[in-house]
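> Those sequence lines, one after another, are chains D and Z.
Under the working numbering, the first residue of the first sequence carries the number 183, and numbering increases by one thereafter.
Under the working numbering, the first residue of the second sequence carries the number 6, and numbering increases by one thereafter.
There could be a bad hint or two in this list.
As the list claims (entries may be wrong) - Straight-line Cα separation of at most 25 Å, BS3-like style, residue types lysine-lysine; simulated pairs: (1) Z:506 - Z:415; (2) Z:580 - D:224; (3) Z:609 - Z:580; (4) D:211 - D:224; (5) Z:574 - Z:506; (6) Z:506 - D:444.
Hints in this document: simulated from the structure, not taken from any laboratory.
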Amino acid sequence: MIPAAFDYVRAGSAAEAISLIGQHGDEAKFLAGGHSLLPLMKLRLASPSVLVDIGRVSDLNYIRDAGDHIAIGALTRHMDVETSAVLKEHVPLLAHAAGYVGDPQVRHRGTLGGTIAHADPASDLPATTLALGATYVVQGPNGTREIAATDFYQGFLESALEPDEMLTEIRVPKMGGAGWSFQKFNRRAQDWAIVGVAAWRGNGSSGVALVNMGSTPILAGSVSAALAGGASVADAAQLAAADAEPQADLNASTEYRTHLAKVLVRRALDEASH
Amino acid sequence: MTVTDDRPAAVLGSRLLRREDPALLTGEAKYTNDLQLPGALHLALARSPYAHARIISIDLGAALAAPGVVAAYTGADLTDLWAAPMPCAWPVTADMKNPAHYPVAVGKAAYVGDAVAVVLATSDAAARDAIELIDVRYEPLAAVVDLEDALSDRVVIHDELGTNKSYQWDLKIEDHEGAIDEAFAAAAYTVHDRYVQQRLLPMAMEPRAVAAVPQPFGGDITLYSSTQVPHILKIMSAITLGIPEHQLRVTTPSVGGGFGSKLNVYAEELLCLALARKHKVPVRWNEERGENAVATIHGRGQIQHMELAADAQGKITAVRVRILGDMGAYLQLVTPGIPLLGAFLYAGVYDIPLYDFSCTSVFTTLTPTDAYRGAGRPEATYAIERAVDSLARKMGIDPMELRKRNFIQKEQFPYTAMTGLTYDSGDHLAAAEMAAGLADYEGVRARQATQNVAGATKRIGIGQASYFEMCGLAPSRVLASLNYSAGGWEAATVRVLPTNKIQVVTGTAPHGQGHETSWSMIVADKLGVAPEDVDVLHSDTAIAPLGLDTYGSRSLPVGGVAIAMACDKVIDKAKKIAAHQLEASEDDLEFAGGTFTVKGSPDKAMPLAAIAFAAFTAHDLPDGLEPNLEAHVTYDPPNFSWPFGTHICTVEVDVETGHVQVLQYVAVDDCGNQVNPMIVEGQVHGGVIQGLAQALFEEAVYDTEGNLKNASLAEYLVPAASDVPSLTLGHTITPSPTNQLGVKGIGEAGTIGAAPAVINAVVDALSGLGVTEMMMPASPNTVWNALQAAQNAHSQTTAQNGATK
Ligand SMILES: Cc1cc2nc3c(=O)[nH]c(=O)nc-3n(C[C@H](O)[C@H](O)[C@H](O)COP(=O)(O)OP(=O)(O)OC[C@H]3O[C@@H](n4cnc5c(N)ncnc54)[C@H](O)[C@@H]3O)c2cc1C
Numbered sequence: 183m184i185p186a187a188f189d190y191v192r193a194g195s196a197a198e199a200i201s202l203i204g205q206h207g208d209e210a211k212f213l214a215g216g217h218s219l220l221p222l223m224k225l226r227l228a229s230p231s232v233l234v235d236i237g238r239v240s241d242l243n244y245i246r247d248a249g250d251h252i253a254i255g256a257l258t259r260h261m262d263v264e265t266s267a268v269l270k271e272h273v274p275l276l277a278h279a280a281g282y283v284g285d286p287q288v289r290h291r292g293t294l295g296g297t298i299a300h301a302d303p304a305s306d307l308p309a310t311t312l313a314l315g316a317t318y319v320v321q322g323p324n325g326t327r328e329i330a331a332t333d334f335y336q337g338f339l340e341s342a343l344e345p346d347e348m349l350t351e352i353r354v355p356k357m358g359g360a361g362w363s364f365q366k367f368n369r370r371a372q373d374w375a376i377v378g379v380a381a382w383r384g385n386g387s388s389g390v391a392l393v394n395m396g397s398t399p400i401l402a403g404s405v406s407a408a409l410a411g412g413a414s415v416a417d418a419a420q421l422a423a424a425d426a427e428p429q430a431d432l433n434a435s436t437e438y439r440t441h442l443a444k445v446l447v448r449r450a451l452d453e454a455s456h
Numbered sequence: 006m007t008v009t010d011d012r013p014a015a016v017l018g019s020r021l022l023r024r025e026d027p028a029l030l031t032g033e034a035k036y037t038n039d040l041q042l043p044g045a046l047h048l049a050l051a052r053s054p055y056a057h058a059r060i061i062s063i064d065l066g067a068a069l070a071a072p073g074v075v076a077a078y079t080g081a082d083l084t085d086l087w088a089a090p091m092p093c094a095w096p097v098t099a100d101m102k103n104p105a106h107y108p109v110a111v112g113k114a115a116y117v118g119d120a121v122a123v124v125l126a127t128s129d130a131a132a133r134d135a136i137e138l139i140d141v142r143y144e145p146l147a148a149v150v151d152l153e154d155a156l157s158d159r160v161v162i163h164d165e166l167g168t169n170k171s172y173q174w175d176l177k178i179e180d181h182e183g184a185i186d187e188a189f190a191a192a193a194y195t196v197h198d199r200y201v202q203q204r205l206l207p208m209a210m211e212p213r214a215v216a217a218v219p220q221p222f223g224g225d226i227t228l229y230s231s232t233q234v235p236h237i238l239k240i241m242s243a244i245t246l247g248i249p250e251h252q253l254r255v256t257t258p259s260v261g262g263g264f265g266s267k268l269n270v271y272a273e274e275l276l277c278l279a280l281a282r283k284h285k286v287p288v289r290w291n292e293e294r295g296e297n298a299v300a301t302i303h304g305r306g307q308i309q310h311m312e313l314a315a316d317a318q319g320k321i322t323a324v325r326v327r328i329l330g331d332m333g334a335y336l337q338l339v340t341p342g343i344p345l346l347g348a349f350l351y352a353g354v355y356d357i358p359l360y361d362f363s364c365t366s367v368f369t370t371l372t373p374t375d376a377y378r379g380a381g382r383p384e385a386t387y388a389i390e391r392a393v394d395s396l397a398r399k400m401g402i403d404p405m406e407l408r409k410r411n412f413i414q415k416e417q418f419p420y421t422a423m424t425g426l427t428y429d430s431g432d433h434l435a436a437a438e439m440a441a442g443l444a445d446y447e448g449v450r451a452r453q454a455t456q457n458v459a460g461a462t463k464r465i466g467i468g469q470a471s472y473f474e475m476c477g478l479a480p481s482r483v484l485a486s487l488n489y490s491a492g493g494w495e496a497a498t499v500r501v502l503p504t505n506k507i508q509v510v511t512g513t514a515p516h517g518q519g520h521e522t523s524w525s526m527i528v529a530d531k532l533g534v535a536p537e538d539v540d541v542l543h544s545d546t547a548i549a550p551l552g553l554d555t556y557g558s559r560s561l562p563v564g565g566v567a568i569a570m571a572c573d574k575v576i577d578k579a580k581k582i583a584a585h586q587l588e589a590s591e592d593d594l595e596f597a598g599g600t601f602t603v604k605g606s607p608d609k610a611m612p613l614a615a616i617a618f619a620a621f622t623a624h625d626l627p628d629g630l631e632p633n634l635e636a637h638v639t640y641d642p643p644n645f646s647w648p649f650g651t652h653i654c655t656v657e658v659d660v661e662t663g664h665v666q667v668l669q670y671v672a673v674d675d676c677g678n679q680v681n682p683m684i685v686e687g688q689v690h691g692g693v694i695q696g697l698a699q700a701l702f703e704e705a706v707y708d709t710e711g712n713l714k715n716a717s718l719a720e721y722l723v724p725a726a727s728d729v730p731s732l733t734l735g736h737t738i739t740p741s742p743t744n745q746l747g748v749k750g751i752g753e754a755g756t757i758g759a760a761p762a763v764i765n766a767v768v769d770a771l772s773g774l775g776v777t778e779m780m781m782p783a784s785p786n787t788v789w790n791a792l793q794a795a796q797n798a799h800s801q802t803t804a805q806n807g808a809t810k
């Protein structure tokens with residue numbers, strides 16, 4: 183549990199962080215809350231030669247009402263997302279889901295930007311923001327661009343971020359009173375989900391995304407399409423895994439995972455429809 | 006009317022807070038790895054990534070050239086350092102096969118994690134970096150993971166043995182030849198179940214840590230280790246290294262748990278000792294968590310075939326047990342004896358006349374197994390308690406009722422079992438009835454009837470386990486009959502200092518149990534002093550040279566009783582001094598509240614404090630009496646201690662997801678008199694959760710190549726507080742008749758009762774859907790699989806019935 187040797191620099195602002203990453207090249211990595219990166223380094227599954235610590239870039243720690251959406255700075259901790267009054271009012275699904283990330287220690291350290299940039303299909307908030315139709319703002323040496331969540335996740339721990347780009351803001355549309363549900367199925371309270379479902383339904387529309395049902399967070403488009411076409415919740419839920427490619431692991435076989443997704447999507451939609 | 010009582014409240018039986026806790030809770034406690042050892046070299050071990058492989062070559066060149074590296078060795082380089090292979094103290098049969106096992110493998114690696122080379126460097130980081138530079142060429146061989154496959158000898162692991170079978174051990178008691186077969190033939194009901202005791206990782210909070218510190222002159226060496234067994238470690242290290250035992254001192258700073266995993270003599274302890282002597286500097290090693298998962302022993306690992314025969318009323322007439330035990334790659338300190346610690350308990354708490362037990366143990370290419378909380382007894386209890394539930398299901402009667410028909414009755418104690426052991430005391434019916442009351446057994450059955458209906462998503466189940474535990478290891482003569490290489494006595498010294506403060510020296514080696522608190526309470530009660538005036542010294546062979554350490558729920562019923570006996574000896578001597586100075590006859594003195602008084606003349610009195618000082622000055626002692634007030638006792642118990650109890654678990658199973666929710670857990674344990682009920686509760690809490698963890702969460706999962714798939718705490722599911730129910734505890738008190746304190750062990754009881762109670766509850770919840778089998782851990786996926794299998798079996802029968810119509 184001793185990582186390989188590395189250098190450490192601390193950035194004071196987003197601009198400085200991007201320039202530092204640029205200077206140190208491919209072997210450098212941003213360090214936000216460190217709760218995904220440091221475990222990998224301790225197991226020597228990752229050995230960046232330089233860490234650019236953005237944990238204290240305080241101008242990226244905010245939650246703001248921006249009219250039709252809520253803007254969240256990438257360095258906002260899970261605990262702040264969970265307890266935010268603004269989010270509880272306008273995007274209650276996200277605030278609620280953030281309360282299911284790990285344990286209180288993890289939530290006080292880990293950041294929303296970190297979990298999205300890490301793009302772990304088993305993490306709760308990438309799928310939740312995907313279900314909500316979020317947009318991610320990233321900043322690189324050549325300026326700023328926006329990436330829709332639906333275009334962001336490209337493979338296992340792979341995203342549309344370039345190595346010298348930094349995720350700076352997450353924009354989540356207001357839910358406008360839609361019903362919602364977050365179903366996290368795991369064996370121990372602090373664990374990642376075996377299967378998770380983030381879902382909302384309202385105004386004739388819906389969004390359903392799956393945690394840990396493939397190499398990326400999965401948008402269950404077939405379910406929403408079925409609902410839009412008038413299918414019952416029970417029938418739509420049968421399509422839960424239609425867009426997924428579930429893998430087997432120590433906690434679940436592929437068949438069981440597929441079955442769980444159907445059960446949990448049904449339960450989520452039942453809850454969101456009330 | 007009010008009764009005033011100005012005597013101090015009794016210490017024994019009070020909920021005194023643990024004196025150990027302030028240091029532990031504030032982080033002040035010092036563990037082995039906290040030791041400051043200037044100039045120490047750090048040991049790191051290169052471990053085999055293969056479960057079974059020939060070592061073709063090892064190139065240490067790059068490691069030796071790495072910064073901070075002082076030395077590097079292969080197993081072959083070190084053979085001169087060993088006078089004997091690593092010890093196995095329990096050759097259970099005369100023909101037991103035991104492959105020579107050295108701290109670093111030579112020629113062949115036999116499990117993932119087997120050490121193949123070592124590095125010494127000036128820092129832990131440098132040593133671990135250098136390990137990655139060691140170039141080992143292996144010829145991988147086929148792994149042996151499955152026990153039945155191991156028994157087939159398809160792949161023989163230890164060439165020199167010619168077989169993977171280590172031993173077969175039988176315990177057959179029949180009143181005449183063929184009686185058991187007849188009992189099965191004549192039975193109205195029989196059960197034949199197969200259970201699997203999965204491998205478990207003990208996961209003590211503090212991984213192992215070792216430091217060996219040679220003295221600059223004279224050859225003495227001190228070994229610090231996070232161990233449960235400093236005394237055994239000292240003897241075995243002296244033998245293995247061929248060094249004079251009197252020049253070796255073993256001591257343990259605070260030890261962060263063991264659960265049996267630190268009841269051993271490990272390669273790293275021997276390596277630190279040998280290399281510290283060789284390099285003449287301190288050598289230390291600190292285990293990483295992932296290393297702990299493969300290099301520290303595992304628990305359980307058995308396949309059990311359990312058969313019961315019963316008459317039409319459900320009276321069990323015979324039990325037949327066949328065990329296949331997983332030794333792992335080598336025999337560690339007591340590996341082969343673990344399944345046999347349960348050998349006598351497969352009849353559980355029942356009056357069963359015929360008994361037939363046989364255990365065959367095999368080598369696999371996996372981490373060695375050894376003692377893990379309960380060691381053999383949870384396995385036995387699981388098998389009999391699940392089999393009793395199976396029998397009840399076959400008969401269509403309530404399992405509680407079936408148990409009542411078979412319990413050994415209170416009047417039958419002391420009860421000589423067909424295995425030859427004497428159960429000294431017990432009242433199973435009382436424990437079961439108290440547990441049933443606390444669990445609202447009838448109420449749950451009523452709820453079950455309304456809730457477990459066709460189509461219900463959530464089904465309720467209630468499960469019971471009644472257990473007898475054979476612990477308090479152990480009468481030395483019985484250990485001799487089991488071929489164990491040591492005795493089971495315990496030593497104690499009680500020393501009254503001149504100022505009437507007390508020093509107790511114990512041979513027990515606490516690592517979380519609170520002995521300092523409990524032992525001080527025993528002495529306070531005996532000598533009439535305050536517990537805080539009693540200091541308890543332990544876990545240092547220079548201070549407590551005699552002892553057999555802490556395991557097998559032995560410390561209180563053996564070590565604590567030894568202390569009480571030493572107190573009696575102190576009182577006897579003090580009485581002589583008091584009689585002399587008070588000019589009274591010893592027979593006329595009575596001792597209470599720390600003072601001797603002459604019967605009938607309460608003004609003639611002498612407190613222990615005055616006697617202690619008189620014994621120290623020795624100015625005026627009776628002729629022939631030695632100065633000082635001190636007594637030593639070595640106590641060999643006449644029998645095991647026999648705690649018992651009933652646990653009842655209520656669960657709700659989500660049949661869609663397979664998730665098991667424990668609604669209530671009741672544990673009624675009888676450990677005789679309780680020195681400190683708060684500490685008893687702590688032991689039961691931890692024990693029950695560990696047993697529940699085996700039932701629902703934990704398993705060391707191997708792939709077919711012999712790789713441990715869950716070697717981290719992210720994947721090996723030790724439940725946290727949020728994942729387990731709060732427990733409802735009850736106690737009956739049946740004092741042990743074999744020791745003056747009336748105490749029995751309680752360290753393992755919780756673990757023994759929990760796994761069968763939980764699994765019986767899960768099966769009970771689902772039996773209406775045709776589920777009769779359940780593997781541990783009953784994970785959601787496993788439960789779902791069982792439901793699928795039951796459903797498929799059901800639809801097949803329905804289809805077949807349809808076809809024959
Ligand atoms: C014990 C434990 C339990 C956990 N349980 C859960 C759980 O149940 N559910 C769950 O969802 N997660 C869980 N997590 C993960 C947790 O949510 C992490 O905090 C999160 O995944 C990563 O956020 P971080 O800020 O710690 O990122 P870091 O670990 O600092 O970084 C992760 C990766 O993202 C990159 N990165 C970070 N920030 C940026 C940025 N702004 N721009 C570009 N790249 C960036 C880093 O370079 C790195 O590659 C758990 C973690 C632990 C340790």
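> Would you mind confirming whether the straight-line C-alpha gap from residue 506 of chain Z to residue 444 of chain D stays at or under 25 Å?
Violated, at roughly 69 Å.
> Decide if the proposed pair is consistent with the structure: residue 506 of chain Z and residue 415 of chain Z, CA atoms, cutoff 25 Å inclusive.
43 Å, violated
> Hey, residue 580 of chain Z versus residue 224 of chain D, does the alpha-carbon distance stay inside 25 Å?
64 Å, violated
> Assess, step by step, whether the Cα of residue 211 of chain D is no farther than 25 Å from the Cα of residue 224 of chain D, and give holds or violated.
15 Å, holds
> Verify the proposed pairing of residue 609 of chain Z with residue 580 of chain Z, using a straight-line Cα cut of 25 Å.
13 Å, holds
> Given the hinted pair residue 574 of chain Z and residue 506 of chain Z, is their Cα-Cα distance within 25 Å?
With Cα atoms ~17 Å apart, residue 574 of chain Z and residue 506 of chain Z stay inside 25 Å; holds.
When the structure is compared with the earlier hints, violations turn up for hints 1, 2 and 6 and for no others.
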